[in-house]
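Asker: Sequence:
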Amino acid sequence: MTFPPGGRMAALRAVAAAFREAGLATPELDARALLLHATGLTVEALVAAPDAPLPAAAAAALAEAAARRRAGEPVARIVGTREFWGQPFRLGPATLVPRPETETVVEAAMAALGPAVASRQLRLLDLGTGSGAILLALLGEYPLASGLGVDRAEDALRIARDNAARLGLGARAAFFAGDWAAAIDARFDLVVANPPYVETAAIAALAPEVARHDPALALDGGADGLDAYRAIAAAAPALLDPDGALVIELGAGQEAPVAALMAAAGLAAAGPARPDLAGIPRALSLRLRISPWKIDRE
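Just so we're aligned, residue 4 is where the sequence shown starts under the working numbering, counting upward by one.
Wrong hints could be hidden among the right ones.
As the list claims (entries may be wrong) - If you anchor each label on the Cβ, the simulated ranges turn out as follows:
# : residue 1 : residue 2 : range
1 : Ile206    : Ala180    : 19 to 25 Å
2 : Ala241    : Met4      : 52 to 58 Å
3 : Arg93     : Pro275    : 32 to 38 Å
4 : Asp54     : Arg123    : 51 to 57 Å
5 : Gly173    : Ala51     : 34 to 40 Å
Worth flagging that the hints you see were computed from the coordinates, not collected in a lab. No residue lacks a Cβ here, since even glycine has one placed at the ideal position from N, Cα and C.
Use the sequences and the hints to build the structure in full.
Answerer: And the structure:
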């Protein structure tokens with residue numbers, strides 16, 4: 004792609020026009036994000052000097068990024084970061100792109116903990132941590148808390164550790180590889196999870212930005228989309244303190260079957276699932292129906 008004369012804003016307009024022609028949903032926003040990434044500019048610097056020339060290296064980087072976006076690669080994958088809970092998170096091929104609906108899990112977790120716990124040394128567990136977004140967002144809210152993130156993908160854990168260090172949370176966050184809670188022998192005040200919940204046969208029909216670029220390990224929930232919930236339900240009673248809470252993300256239409264799985268394992272929903280901004284029940288909060296010490300003796 005070549006850019007007309009006229010500096011930065013001319014290049015921005017050209018990229019946005021190409022994105023509109025390609026049918027992208029947010030051409031102007033995508034074009035601006037890629038221009039800022041290619042040039043290293045801030046929005047303020049761009050606005051202050053819109054007609055400044057575009058250096059050759061930046062023009063080449065922008066052309067490459069624009070071609071990738073027109074081919075369907077998400078902007079977050081191209082720039083390598085995504086904002087979540089007001090903080091930038093580095094991404095990698097083994098991590099999901101944190102999405103706005105997942106912030107509903109953070110909101111539900113904070114509601115489940117309540118305002119009185121801010122002065123407590125909470126213990127948090129994030130199952131399937133990926134980039135660490137949920138865990139690190141919560142650690143940022145609770146300065147005395149410590150957390151453990153578990154994931155099956157070593158590459159994802161490297162990204163999560165890097166994000167923890169970048170956000171100044173490395174001393175309070177630990178990450179290790181595991182198959183859900185198989186290797187964990189401890190109890191927590193809060194367990195959170197955004198598990199894979201897409202039915203295997205439905206993955207190919209997802210938006211190309213998801214189906215082609217998000218890791219299958221983080222999407223594929225098995226034939227009925229519930230495999231990960233079964234594993235979490237089996238492990239949760241041994242992971243929660245007596246007053247602890249489990250908060251899990253749901254796919255559309257999964258509230259009833261997931262609540263039933265959890266009930267069979269001894270966990271009761273604390274109320275209806277918290278909806279995301281689209282009104283979809285997204286974050287289900289659960290607590291033990293019977294004492295974990297009784298479960299242990301049985």
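Asker: Does each hint hold? Answer for all of them.
Answerer: To see whether the hints hold, each was checked on the structure:
1. Ile206 <-> Ala180: 19 to 25 Å: 24 Å, holds
2. Ala241 <-> Met4: 52 to 58 Å: 55 Å, holds
3. Arg93 <-> Pro275: 32 to 38 Å: 34 Å, holds
4. Asp54 <-> Arg123: 51 to 57 Å: Once the Cβ atoms are compared, 55 Å apart, the range 51 to 57 Å for Arg123 and Asp54 holds.
5. Gly173 <-> Ala51: 34 to 40 Å: Distance hint for Gly173, Ala51 holds at roughly 35 Å.
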